[in-house]
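Protein chains in written order, with our numbering: chain A, 1 to 80; chain U, 1 to 80; chain V, 1 to 149; chain C, 1 to 149.
Derived from the structure by calculation, the hints contain no laboratory data.
Quick reminder that beta carbons are idealized off the backbone N, C-alpha and C, glycines included.
Check the hints yourself; a few may be wrong.
To be verified - Chain V is faced by these chain A residues, among others (derived, beta-carbon under 7 Å):
no. : residue
1   : A60
2   : A66
3   : A78
To be verified - In silico DSBU-like cross-links for lysine-lysine, where the CA-CA straight-line distance does not exceed 30 Å:
no. : chain 1 : residue 1 : chain 2 : residue 2
4   : C       : K123      : U       : K40
5   : U       : K40       : C       : K115
6   : V       : K115      : A       : K40
7   : V       : K123      : A       : K40
8   : C       : K57       : C       : K115
9   : V       : K123      : V       : K57
10  : V       : K57       : V       : K115
11  : C       : K123      : C       : K57
Spelled out from the first residue to the last, the chains are:
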Amino acid sequence: MIDVTAQYFAVFREQAGRNLETLTTSAATAEELYAEVSAKHGFADSVARCKVAINDELAAWTAPLAEGDVVLFFPPVAGG
Amino acid sequence: MIDVTAQYFAVFREQAGRNLETLTTSAATAEELYAEVSAKHGFADSVARCKVAINDELAAWTAPLAEGDVVLFFPPVAGG
Amino acid sequence: MSFEITDQRIDPEALKADLRHETAGACVSFEGWVRDHNDGEPVTALEYEAHASVANKEGLQILTEAVERFDLLAASGRHRVGRLEIGECAVWVGVSAAHRGAAFDACRYIIDQLKQRVPIWKKEYYRDGLSGWINCVTGTPFKARDTTS
Amino acid sequence: MSFEITDQRIDPEALKADLRHETAGACVSFEGWVRDHNDGEPVTALEYEAHASVANKEGLQILTEAVERFDLLAASGRHRVGRLEIGECAVWVGVSAAHRGAAFDACRYIIDQLKQRVPIWKKEYYRDGLSGWINCVTGTPFKARDTTS
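With the rest of the complex left out, here is chain A:
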């Protein structure tokens, strides 16, 4: 188990009711952590439509997680 910080944006922040939370998790990848937090908060978008950043760098969903990582969950983007 590792401790990571999950950070939420836009609709995810509204659905989670918070900007960020510290989680103790067995998730090995960003995708596994998303499965955990989306089940917890009811996020409905698939990873295919969302993006993830680890420590302020865009990352692949398959990226491994390390102790202390800050994982940013980005719902489907809509700039422009």
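Position chains U, V and C relative to chain A; hints supplied.
Showing chains U, V and C alone in chain A's frame:
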């Protein structure tokens, strides 16, 4: 024979050495008049690359000429 | 070449100064304006949110790609965040090139990529008091398609 | 919708006011700037000449075609005449639409058509003191191709 006014622009004006001239001509169409003035002044562009206007309206090269017409000869355009 | 998330009004004329180049013959720019409707529904205002540092990095990456891919001399972009009213400029992209073909193609490439890749989110406010995050599945009012510009 | 030949500096920001519309989500504009070279030859200045009344009529006709052909809300254009220095704006085209695809396509259509159909001529001045009318066969220095933007 009819009397018409030929008006020249850009390179045609420079080659003809004048803005306009009155011509007494047997030309029945704009294209025939162009053949006449291009031979006279050494205009080298073909009608396919040039345009003509009669009395300030763009016209087909096959447009018939009438007494008193002002015929504007436009060399190849190069706006932009 | 610069891309920035900003909470200030976008000034296209000032931004064009960055695109100046003696060999530049063509400048193409795109502005996304806040529309009064989306997918047939009346919109009264928009709110944009971004992750600024990731957005700035990804935006700059897109500009860099465009300069490499097309024959550009310069490229810049800005995206507003915060609450915007109808008619305000939400996003600006400008490019310069020797020839217009490259400028049109590159400007379009940049705005298409920005809309797909940069972490910016848009919440629409409707006349009936409801609001919705565009593109997101939420159960509450939402738009499945992004049809803003 | 307006098209005008002008001997005054073109002010894109002021012209964009004509493109404003509550349903407009996209604004695309093109500027043709005087380049310092053409076909490899250094250019020091340009002179544009036009037949204003025919040019204004034909320019407006092109804008009308674009509005009919694409899903535009508004379209405008200006073309300078007289002597221009390097970097100055010779031509401006701006369009607005609900969606950006139509705006890009229409803006490009308009500038392509303007360059082909509107009676405007361009004389280039070169560093060696010579000059030439672009696109014209004259015997003296000339450019066979228009490569300005």
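> Can A/A66 be said to touch chain V, with a Cβ gap under 7 Å?
Replying inline: 19 Å, violated
> Does the structure keep V/K123 and V/K57 at a Cα separation of 30 Å or less?
Replying inline: 23 Å, holds
> With a cut-off of 7 Å, does the beta carbon of A/A60 approach a beta carbon of chain V closely enough for the hint to hold?
Replying inline: 14 Å, violated
> If you draw a straight line from the CA of C/K57 to the CA of C/K115, is it 30 Å or shorter?
Replying inline: Status holds; Cα separation ~14 Å.
> When you check the alpha-carbon spacing of C/K123 and U/K40, does it fall within 30 Å?
Replying inline: Given that 30 Å is the threshold and the Cα spacing comes to 23 Å, the pair holds.
> Within 30 Å, alpha carbon to alpha carbon, are V/K123 and A/K40?
Replying inline: Cα-Cα ~23 Å, so holds.
> Within a Cα-Cα threshold of 30 Å, do U/K40 and C/K115 meet the stated pairing?
Replying inline: 29 Å, holds
> Is the straight-line distance between the alpha-carbon of V/K57 and that of V/K115 30 Å or less?
Replying inline: Between V/K57 and V/K115 the Cα gap is close to 14 Å, so the pair holds against 30 Å.
>> Hint check: V/K115 vs A/K40, CA-CA at most 30 Å. Holds or violated?
In response: With Cα atoms ~29 Å apart, V/K115 and A/K40 stay inside 30 Å; holds.
> Does the CB of A/A78 sit less than 7 Å away from some CB of chain V?
Replying inline: Interface hint status for A/A78: holds (4 Å vs cutoff 7 Å).
>> Need the status of pair C/K123, C/K57: alpha-carbon distance at most 30 Å?
In response: 23 Å, holds
When the structure is compared with the earlier hints, violations turn up for hints 1, 2 and for no others.
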